[in-house]
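Novice: Sequence:
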Amino acid sequence: MLAVSLCGFAASQNIRPYQFSIKTEKKFSAQAKTMADNNHFLFFTFNKEVRQDGKYLWDRTYDVFIDHGDDNLVMICDHEFDNYYLVTNDSVLNIDKERRDLTIFRKKSKSSEFYDVGAENFISQIKGVDYYLIPLKKHCRMKHGDLLVESSDTIIRGTSFTKYIGHSGIRYLYNEDTDRYDIPYDDISLAYVNNETNYLDSVYTTNITDNEFKNETIIKVLSVSNDNMYPLIDSIFDFTNKSYVGYSVHDNLNPPASILGTRNTSFTDEVLDFPLVSLNGDTTTIRKEESWLFLDFWFIGCGPCVESFQKIRHEQDSLGYRILEQEGIKMLLINEFSDNAELIMERMEKYNIDDIIYTAKGFNKVYKASPCPYIILVSPDKQKVYEVAGKVGDCYQELLKAKEKFEININN
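Take the sequence shown: its letters are residues 1 to 412, numbered as in the working numbering.
Since the hints were derived computationally from the structure, they do not count as laboratory data. One or more of the hints may lead you astray.
[As the list claims (entries may be wrong)] Straight-line C-alpha distance at most 30 Å; calculated DSBU-like pairs for lysine-lysine:
no. : residue 1 : residue 2
1   : 220       : 55
2   : 368       : 384
3   : 311       : 350
4   : 368       : 330
5   : 311       : 220
6   : 401       : 382
7   : 97        : 242
8   : 48        : 97
[Said to hold, decoys possible] Taking CB as the label site, the calculated pair distances span:
no. : residue 1 : residue 2 : range
9   : 352       : 160       : 44 to 52 Å
10  : 196       : 89        : 32 to 40 Å
11  : 235       : 352       : 30 to 38 Å
12  : 230       : 270       : 41 to 49 Å
13  : 227       : 365       : 40 to 48 Å
14  : 242       : 281       : 22 to 30 Å
15  : 397       : 317       : 30 to 38 Å
16  : 248       : 355       : 22 to 30 Å
Glycine residues also receive a C-beta, built at the ideal position from the N, C-alpha and C atoms.
Model the full assembly from the supplied sequences, consistent with the hints where possible.
Specialist: Written out as structure tokens, the structure reads:
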């Protein structure tokens with residue numbers, strides 16, 4: 001099983017490890033160990049829904065397969081984005097169909113933990129279902145903040161559950177105003193375990209920042225079985241499969257080099273001439289476009305990016321036009337990680353903005369447009385007039401002010 005072969009990886013480099021940690025209440029850990037002892041294989045599906053300030057943002061469904069035996073293997077499948085992770089004793093394998101990438105995250109040695117950001121991404125997807133993840137604790141100290149401090153029995157619709165109450169303790173978020181991690185936040189969690197089956201039923205997590213409600217995550221386990229899923233896993237991670245032809249292969253110990261963007265207002269020739277391809281297959285570049293440009297770099301699965309898509313669609317539906325286009329600004333929403341136009345078109349169809357969606361796989365190698373969404377306003381003479389990244393919020397007003405100021409300076 002799992003006859004996976006990835007050849008040509010370079011020798012280990014000295015990279016500072018990321019640290020992971022997990023704390024659990026003793027009773028919770030004991031139940032998880034009992035689950036592992038009683039079930040060689042565990043296969044379950046769960047749905048994860050995220051809300052912000054009471055508003056629905058997104059939800060995804062994941063499959064998880066765990067071998068609680070000697071191999072201690074864990075496989076995760078993200079249904080929506082066809083993204084797969086496979087954790088074995090000495091590596092994490094990742095198949096990213098959006099970016100057409102195959103990546104291996106290796107341990108530095110047999111006794112060390114996984115330490116690449118890729119492993120952190122993997123863990124963040126399944127935060128909340130730690131109850132089952134005994135195998136992972138052998139390989140990495142998981143980055144899960146919840147300290148489960150209290151448990152009690154409860155009856156819900158005639159079914160007996162154990163309710164676990166937990167919190168992360170005060171941690172800190174990055175504050176752009178002070179350039180420091182000084183914004184306190186806390187995660188409050190409720191986890192429900194079915195006392196008859198000992199299966200995890202649901203997890204509710206509320207993230208509180210500065211004593212204000214911010215985010216809510218709802219995890220519901222949809223199905224659980226003890227089926228052996230190795231035949232399916234072997235077929236997915238068969239990298240000789242023709243469907244993987246053309247995929248890029250990466251190793252965390254030998255990451256691909258990238259050329260970082262600069263704070264300068266001018267762009268390099270590589271950036272100006274990088275091909276931007278519409279979903280219809282038409283190609284343009286920043287240099288070819290003669291008008292003002294609104295460049296919004298995004299990727300599938302980016303929550304803040306989805307918010308901006310919804311805003312643009314709302315403008316079109318409510319006003320009959322897009323605000324920036326009315327101001328003489330051409331909009332290009334650019335996926336810099338994927339050239340899979342078919343998949344992108346399928347995901348973006350509901351936003352009715354297909355005409356302004358472009359792909360530019362590899363753009364991040366000539367300009368670091370991150371974190372996403374990453375927005376740049378470009379003048380007709382190809383100067384960077386405005387930029388904002390991450391939680392961009394309602395940036396139109398500042399963007400238009402920057403455009404007006406630039407035009408006044410040019411005229412004077």
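Novice: Next, verify each hint and record whether it holds.
Specialist: Going down the list of hints, with the structure as the test:
1. 220 / 55: Since the Cα atoms of residue 220 and residue 55 sit roughly 18 Å apart, the hinted pair holds (cutoff 30 Å).
2. 368 / 384: With Cα atoms ~14 Å apart, residue 368 and residue 384 stay inside 30 Å; holds.
3. 311 / 350: Between residue 311 and residue 350 the Cα gap is close to 13 Å, so the pair holds against 30 Å.
4. 368 / 330: Roughly 21 Å separates the two Cα atoms, so the pair holds.
5. 311 / 220: holds, 29 Å
6. 401 / 382: With Cα atoms ~18 Å apart, residue 401 and residue 382 stay inside 30 Å; holds.
7. 97 / 242: holds, 13 Å
8. 48 / 97: holds, 20 Å
9. 352 / 160: 44 to 52 Å: At roughly 48 Å between Cβ atoms, residue 160 and residue 352 fall inside 44 to 52 Å, so the hint holds.
10. 196 / 89: 32 to 40 Å: holds, 33 Å
11. 235 / 352: 30 to 38 Å: Holds: the Cβ-Cβ distance is about 36 Å, inside 30 to 38 Å.
12. 230 / 270: 41 to 49 Å: Once the Cβ atoms are compared, 45 Å apart, the range 41 to 49 Å for residue 270 and residue 230 holds.
13. 227 / 365: 40 to 48 Å: holds, 42 Å
14. 242 / 281: 22 to 30 Å: holds, 23 Å
15. 397 / 317: 30 to 38 Å: violated, 21 Å
16. 248 / 355: 22 to 30 Å: Check passed, 29 Å falls within 22 to 30 Å.
Violated hints amount to a single one, hint 15; each of the other numbered hints is respected by the structure.
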